[in-house]
Amino acid sequence: MEKASLRDAYGNKLIELGHKDERIVVFDADLSGSTKSGKFGKVFPERFFNMGIAEINMINTAAGLATTGKIVFVSTFAIFATGRAWEAVRQMVCYPELNVKIVCTHGGITVGEDGATHQALEDIANMRNIPNMKIIVPTDDIETAQVIEKVAHTDGPFYVRLTREKFPRIFDENYKFEIGKGYVLRRGEDVTVIANGIETSFALEAAEILEKEGISVEVIHMPTVKPVDRELIASSAEKTGAVVTAEEHSIIGGLGSAVAEALVETHPVPMERVGTPDTFGRSGKGWELINFYKLDTEGITEKIRKVLERKKR
Amino acid sequence: MLRFEPEFFRKRNREIDESTLRVISREVRKDILKMTSEANSGHPGGSMSATDIMVTLFYYKMKHNPDNPKWEERDRFVLSKGHVSPALYSILARCGYFPLEELKTFRKLKGNLQGHPDMLKTPGIEISTGSLGLGIGAAAGMALGLKLSKISSKVYCIIGDGESQEGSVWETSMAACHYNLDNLCVILDNNNLQIDGPVDEVMSIYPVIEKWKAFGWHVIEIDGHNFKEIKEALNEAETVKYKPTMIVAKTVKGKGVSFMENRAEWHGKALPPDLLKEALKELGEIV
Numbered sequence: 001m002e003k004a005s006l007r008d009a010y011g012n013k014l015i016e017l018g019h020k021d022e023r024i025v026v027f028d029a030d031l032s033g034s035t036k037s038g039k040f041g042k043v044f045p046e047r048f049f050n051m052g053i054a055e056i057n058m059i060n061t062a063a064g065l066a067t068t069g070k071i072v073f074v075s076t077f078a079i080f081a082t083g084r085a086w087e088a089v090r091q092m093v094c095y096p097e098l099n100v101k102i103v104c105t106h107g108g109i110t111v112g113e114d115g116a117t118h119q120a121l122e123d124i125a126n127m128r129n130i131p132n133m134k135i136i137v138p139t140d141d142i143e144t145a146q147v148i149e150k151v152a153h154t155d156g157p158f159y160v161r162l163t164r165e166k167f168p169r170i171f172d173e174n175y176k177f178e179i180g181k182g183y184v185l186r187r188g189e190d191v192t193v194i195a196n197g198i199e200t201s202f203a204l205e206a207a208e209i210l211e212k213e214g215i216s217v218e219v220i221h222m223p224t225v226k227p228v229d230r231e232l233i234a235s236s237a238e239k240t241g242a243v244v245t246a247e248e249h250s251i252i253g254g255l256g257s258a259v260a261e262a263l264v265e266t267h268p269v270p271m272e273r274v275g276t277p278d279t280f281g282r283s284g285k286g287w288e289l290i291n292f293y294k295l296d297t298e299g300i301t302e303k304i305r306k307v308l309e310r311k312k313r
Numbered sequence: 314m315l316r317f318e319p320e321f322f323r324k325r326n327r328e329i330d331e332s333t334l335r336v337i338s339r340e341v342r343k344d345i346l347k348m349t350s351e352a353n354s355g356h357p358g359g360s361m362s363a364t365d366i367m368v369t370l371f372y373y374k375m376k377h378n379p380d381n382p383k384w385e386e387r388d389r390f391v392l393s394k395g396h397v398s399p400a401l402y403s404i405l406a407r408c409g410y411f412p413l414e415e416l417k418t419f420r421k422l423k424g425n426l427q428g429h430p431d432m433l434k435t436p437g438i439e440i441s442t443g444s445l446g447l448g449i450g451a452a453a454g455m456a457l458g459l460k461l462s463k464i465s466s467k468v469y470c471i472i473g474d475g476e477s478q479e480g481s482v483w484e485t486s487m488a489a490c491h492y493n494l495d496n497l498c499v500i501l502d503n504n505n506l507q508i509d510g511p512v513d514e515v516m517s518i519y520p521v522i523e524k525w526k527a528f529g530w531h532v533i534e535i536d537g538h539n540f541k542e543i544k545e546a547l548n549e550a551e552t553v554k555y556k557p558t559m560i561v562a563k564t565v566k567g568k569g570v571s572f573m574e575n576r577a578e579w580h581g582k583a584l585p586p587d588l589l590k591e592a593l594k595e596l597g598e599i600v
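Chains as they are written, first to last, in this note's numbering: chain A, 1 to 313; chain B, 314 to 600.
Just so you know, nobody snuck in bad clues.
One side of the interface only, derived from the structure: several residues of chain A facing chain B at Cβ under 10 Å:
hint	residue
1	GLU55
2	GLY69
3	GLU97
Just so you know, the hints here were simulated from the structure itself, not pulled from any lab data.
These numbers were taken from a predicted model, which means no experiment stands behind them.
We put the beta carbon where it would ideally sit given N, CA and C, even for glycine.
Take these sequences, add in the hints, and give me the full structure.
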């Protein structure tokens, strides 16, 4: 599959939105070259503000700006917006339900060489526990562009999690993103895999491999972690009787947790989670780390086999 | 009781003399004490140190519209030290944003007057505040937004001296100057007391005037209970170009009630009924 950059898709979409809507204002905290928000800055310098390495103030200022009717996109690395500035996001953006869109790159382990300090493995958990926050984790550049357009025109706070690495393109222009909706990319009978981000393409590969062994895998892409598509989760679990979640995030508090919560309250079935264990990351190449932490296709097939064993019992 | 028609508030620099401002401030201080005692919680001390500044802002300086709190041309007010909400609620009610009766619901379940200001619940609140060090950044964001929209409104913000220990205050200080936010005027309520004691003993912020000057702000020093000085400082702030203004207002915590003045213990504690009676008497209420 062809690989493409999610952050470039973000920067390009910002420019497009900037032309159409002069309410769009963009903030960054000295990482605009990496997050690609700087692309917007080059075209619309009067609506782009570098707030320096001061993320808490960046969030507060964005909140104040939003009260004047602007649609504010705020970008930095995932760990800084959701960690350093967590309380500002809670108090000034989510509590007053303001129109601030936090779009972060460098989420997950594929940050790579920079190591644990820069790899956000808990960003989704951090954002998920705040009322009024909606969370989207796109899987490719096509989806990213649509997500950015959608959140720009939907009132309220959003956290969109993008990555440093390029990801395989799985969608084409016929794809239509909707907030809160899961997508069945492959129908199956024996087990359901629910994934987002890079893990969706690994899940598709795992399904392909297991099909040859006669295991029928349903693959659901779940870009919206909050509010999660409970109906789809429940109906698929009811059909297959086993669920595996896969995400480039800690197994605590992210998609796996959201699915588990939905399942126990609707249709409990055996479930396994693919994600980083309760640990910090480490330096290495992004794809090496994906293998190291078993977030790859093999990691998913392993968990599918495990959950199918449990299902038999 | 002094009542003004909503039209009164729609222009800046209104004709209102200092003795009238003093009378209003006294009413506000009574409200603060009654509200906090009724709720048996809240922050009377700091509310009373900021009262004269806030009364001058809402009754003399700012153009605003109690009939239409979202009026586009209004000046904005951000209470970064959100715990002194009683002062703001009293003033908003007295300006006509909501009935004075509602002050009795302060901090109560099902009421609209939360412990700290909530922009979604109370008309006239520009942004929710309460967690110290964050509101000033939002005020800077409003100033930026107004400039982008080419609206000539001003943004006024009150911060506390204890609050100034938060690093984010200085992040905003840097950014507001960097982006030449001359439509932003911040007032430091410098009563020198925080919960645990005197600011210079808990964690000194001094020399605070030099700090703000070094960050590039236009700094004015005043007595925060002298209406003439407050008015003049606010007027001066309006003439400053290309940089934000910081008014360092020397104030007295618990101002107006002899046994509350300069006492940290009344930071976050309401007066019991007997002391309330005594305090209201000092403020001229016929009990």
